[in-house]
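K.L.:
Starting from the structure of chain W, add chain H where the hints point.
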Amino acid sequence: MGLGVSGQYVQKRTKRPFAIGSREREHPMTAQTAGSTKAATAGPYLVALAATALLIATNHFYSLGPKALGLGSMVFLAPAASLTWLRRTGNRVALAGFVLTNAWVVVGFGLWKGLWRTVLPLFLGTFLSSVSTAFARPTTGPYLVEATGILIFFTSLIVLVFACRLLRWRDPRWLRPSVVVVGAGILALYTYSSRDRWVPPPGGVVHIGVIVPTSGPYAVLGNSFVRAVEMARDDLRDTRYRYELVVRDSGPDPAKAKAIIEKTIEHERLQAIVGGISLIGQVTKPYATRARIPHTCVCSVASIADGAYNFTDIPSPEAEAVRWVAEARRRGIKTMAVLTQDYPSINNHVKAMEDEARRAGLVIAFERRFGEAEADFGPMVAAAAARHPDVFYIEALNPWLDQLVERLTRAGIHNLSSVVAPSLSQRPDLFEGAWYTDSDLVDPGFKTRFEQKYPGTQFATHMMPYAYDSFRMIVEAFERGENPAVYLRNLRTYPGTADTLVKAPGSGRFDSTPAVWVMRNGRPELVR
Amino acid sequence: MKRRTWVAFGALVLAMLLGAFAIVRSNGTASREADQATMFSH
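Protein chains in written order, with the working numbering: chain W, 1 to 528; chain H, 529 to 570.
Isolated chain W, as found in the complex (with noise of 0.2 Å):
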């Protein structure tokens, strides 16, 4: 017999102690309630639940992948079979399993899921971060996986709604008041249960993570990181609180990097990330949300920076191009050749700087970008050469950097240009006479300092000041007992060692103005 022909089916049995969807013999349960002598058949009820399992699959295979069809088949399964059990027995057990397996669907899903999840953040946490920083600014996935939450609690409710028919639970008098309550208990819960506010550090310690590849190619770069945040925490004088530096390395690997991030915030107990390396933030973004404790990055991806709890402090990648543009046509250059890795942060500087040069008028003669597996760039850097460009723009990591220059080296080619990379450089010597834009560096004492305490220390200037920056004003934050996240979403400038961070409201990245710089006899030369 067929799920959708109850009325018929329960007739020809009789043996069974609850009748669903006739009035044969009833539930006890649905004896004190039950008034209507209407059947009610199965059929818009499989059509809610088959709807809502179709959408709980499509919400799920953005992070499961095809295992979310199986998902989707037992929220479908699970409540029609305990149907099918209930109709043929009608004992007991298959109405607890009935009522469990729709309790999963409507709680589990609809409410957890649907509006905990989804409904509520996208609305109320959307209106209470637009109306106090006190509120984040909630995460939202791509409008596919929005929707179908937000459409998951309308359909299981839907489901409850026929599920109850199926029973014969009819509205007692004090359901719809009770949904008011509870409803308005539910929202108050959340704006209660969303709102940063200020916690005291346990025991007066206040553990900030400091995570940053510090092996593989982005060691030397990492370590000097980490001795910048370790400089500024020797520098606090009589702070209320006592500052801890949980360091750890994340490795080069991001997918790596997952589990040692994830496991650092939960065992370690930390109250604020200082981290650097975009790849790394990308990874470090999400985990500090959830545990809903600020994190900056010393990096330039906007994707990074939500102004919720991550946040950016370098020179975005659009100001480092408009300084670059502006040097280049001072300069006279006209045509250039673009070498550069494949990685985030270089990406979106190569692209703000060719967006900028074309407005400019600028010609960009040849253009190749290369992986970590590139091993010869002599094709590469001849084909650039017979182009003829008055400048080679390049723009990699070590160790790629610095045996792509050494090739142009070879190549008698010298007429070099960069954002950033030169001061990465371990070959500074091969980069003689090039020019490129980096941070300002405001306080050139912070420098000699930092190289006179950790001699031989490599010091990049576009990561160390705000190392040292970043820690510091999370330390400013506790110290004026403000919730660190909060504090960085109401930062609007930060005098900052390299120069005047400025924020714009709403925003997760810390502006300043680049400055030009020229190797000089192994050294770079800040020009401005």
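I should point out that these hints are in silico values taken from the structure, not numbers from a laboratory. It cannot be assumed that every hint is accurate.
What the hints assert, rightly or not - Taking CB as the label site, the calculated pair distances span: (1) W:F370 x H:F549: 36 to 44 Å; (2) H:G538 x W:G183: 15 to 23 Å; (3) H:R532 x W:V181: 23 to 31 Å.
Said to hold, decoys possible - Computed footprint of chain H on chain W; a stretch qualifies when at least three of its residues, placed anywhere within it, have a C-beta under 8 Å from a C-beta of chain H: (4) 113-126; (5) 138-146.
For every residue, glycine included, the Cβ atom is placed at its ideal position computed from N, Cα and C.
P.N.:
Just chain H now, kept in the frame of chain W:
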């Protein structure tokens, strides 16, 4: 449920879907990583 209840229900759903579209557009979409960690890891 009455017909007008269904109409009101449908109108509410539609309004919320349109509102969500506007919010997602103005917020920008999170990365796949962000979605997984903040939306699905619970």
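K.L.:
All the hints need checking, so say for each whether the structure fits it.
P.N.:
Hints versus structure:
1. Distance hint check for F370 (chain W) and F549 (chain H): the Cβ-Cβ separation is about 39 Å, which falls inside the suggested range of 36 to 44 Å.
2. G538 (chain H) and G183 (chain W) have their C-beta atoms about 20 Å apart, which keeps the hinted 15 to 23 Å range intact.
3. At roughly 25 Å, the beta-carbon separation of R532 (chain H) and V181 (chain W) lies within the given 23 to 31 Å, and the hint holds.
4. Counting residues of the region 113-126 of chain W whose C-beta sits closer than 8 Å to any C-beta of chain H gives 5, which meets the bar of three, so the coverage hint holds.
5. With a cut-off of 8 Å between beta carbons, the region 138-146 of chain W has 8 residues touching chain H; three or more are needed, and the interface restraint holds.
Violated hints: none; the structure is consistent with every hint.
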